[in-house]
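A.B. asks: Model the placement of chain U on the given structure of chain L, informed by the hints.
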Amino acid sequence: MILKADGVTKRFDDRPVLSRASLTLEPGQVVHLAGPNGSGKTTLARILGTLLPPDEGEILVDDVPLSERRSQTRRMIGFASHAPLLYLSLTPVENLEFFATLAGARDGRRRALALLERFGLEQAAHRPLAHFSRGMLQRVVLCRALLLDPELLILDEPYAGLDDAGILVVNQVLTEIRKQGRTALLIAHDKERGGGVITHTVRLRNGRVEDA
Amino acid sequence: MTFLLVMKKDLRLFVRDVRFLATLGLFSASLVLILSVAFGPIFTEPPRLAAATVWAALFFAGVLGLTRSLELEGESGAGDALRLSGADAFSLYLGKTLANFALLAAVFILLLPLTAIFFDVGTLKALPGVLGVAALALIGYSAWGTLFAALARGLQARELLLSVLLFPSLVPLWIGAVKLTHAYWGGVPLVEVKDWIKVMAVMDVLGLALAAWLYEAVQEAGE
Chain L
1 MILKADGVTK RFDDRPVLSR ASLTLEPGQV VHLAGPNGSG KTTLARILGT LLPPDEGEIL
61 VDDVPLSERR SQTRRMIGFA SHAPLLYLSL TPVENLEFFA TLAGARDGRR RALALLERFG
121 LEQAAHRPLA HFSRGMLQRV VLCRALLLDP ELLILDEPYA GLDDAGILVV NQVLTEIRKQ
181 GRTALLIAHD KERGGGVITH TVRLRNGRVE DA
Chain U
1 MTFLLVMKKD LRLFVRDVRF LATLGLFSAS LVLILSVAFG PIFTEPPRLA AATVWAALFF
61 AGVLGLTRSL ELEGESGAGD ALRLSGADAF SLYLGKTLAN FALLAAVFIL LLPLTAIFFD
121 VGTLKALPGV LGVAALALIG YSAWGTLFAA LARGLQAREL LLSVLLFPSL VPLWIGAVKL
181 THAYWGGVPL VEVKDWIKVM AVMDVLGLAL AAWLYEAVQE AGE
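In order, the protein sequence lines correspond to chains L and U. Sequential numbering from 1 applies to the first sequence in the numbering used here. Sequential numbering from 1 applies to the second sequence in the numbering used here.
Bound conformation, chain L alone (with noise of 0.2 Å):
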């Protein structure tokens, strides 16, 4: 899947956030997005995710506009945010199975189960999310964005509040995702922490994208 922004702008409160902002995602690149605080790196990343649209320019999924296949795309996208995007009242096998089985997977428990196991929460797996660490509830956050073995993989700020076992997980999917030629956007301050994975880097600076 290639995605592509073009000439995206967005505003919020007539104060422009993106300013013809383009970037194009392709197979096999982990693109680390830098940028200041307030930059407009996670409302980039929602509106890649499908999440927020644009105010002007427009979103293409393999050359076709979003709008005329915003489901399907969807489908095909992880998406981590600050957010946990999560019912906290419920445990992570119900979230994770939930979710799965919505977008159409007919093995949602397993997914689940065997994503837990990947990120060491089997011990957690019952228990609602409520009474979880930030750390652990990031690691389900992460479970949840890669329930669909997803084509494109948006990570905002994905190793906050995570150990160094935590960190090693996420390199190691980021680095599957590369070596299956799948796409990740990666937003973290620390780039150090993505250690090689790492295959583009680019900034949002005024509103724009530049290579970095």
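If you are wondering where the hints come from, they were derived from the structure by calculation, not from laboratory data. Each residue gets a CB set at the ideal place from its N, CA and C atoms; glycine is no exception. Possibly wrong hints are sitting among the right ones.
To be verified - Covered stretches of chain U (chain L as the covering partner; in silico rule of three or more C-beta atoms under 8 Å from a C-beta of chain L):
no., stretch
1, 1 to 7
2, 66 to 79
3, 82 to 96
4, 111 to 118
C.D. replies: Positioned in the frame of chain L, the structure of chain U alone reads:
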């Protein structure tokens, strides 16, 4: 079946929130008690007062349920995760509507015996008719309420906006429910008010049709 999955998830979340359920139950029962005291102790026309009381209590308490339903998707951004699943928007709406219907039906089952005792109205023979009226009223309430709750999502003072949108829209349903319940409890002959069944059915269909048309746009405009 996407809508069954969403309904089951919402009901599970409702059931796990004991504090919310207790608040909802106590608030709705208190409304019936307060109104029965206000109208009493000697009721001039028990079937009419009882019907008005039970439906007023239910419609006001229902806003609590709809607000909670709205919060379920707002908390921790889970509503975004629903959108990201790529599931059909109307199926998501239908699941939430059914969960809200089940919640309101449970409140009605709680209020019905309380009202019957406080106002000394109702018979077992009238029960199927009253339950039928409740089904018609609550389908419409849930259909319109879930749509308006989605509209209010992400806005400031959303609870206020929900009430402002909801109550005027539901006036025909509320009047129909009161008049038909009044008739089933022996206040007036049913034949005099049976046209309200059609009004309520039209409101139900209209709410669902409007949601089928608008819900996806409302969901996508949440930000």
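A.B. asks: All hints are to be evaluated individually against the structure, with a verdict given for each.
C.D. replies: Going through the hints against the structure:
1. As drawn, the stretch 1 to 7 of chain U meets chain L at 3 residues by the rule of a beta-carbon pair under 8 Å; at three or more, the given contact holds.
2. Under the rule that three or more residues need a Cβ within less than 8 Å of chain L, the assignment of the stretch 66 to 79 of chain U holds, with 5 such residues.
3. A stretch counts as covered by a chain when three or more of its residues have a beta carbon under 8 Å from one of that chain; for the stretch 82 to 96 of chain U and chain L the count is 7, and the coverage holds.
4. Three residues within the 8 Å Cβ limit are the bar, and the stretch 111 to 118 of chain U against chain L gives 0, so the coverage statement is violated.
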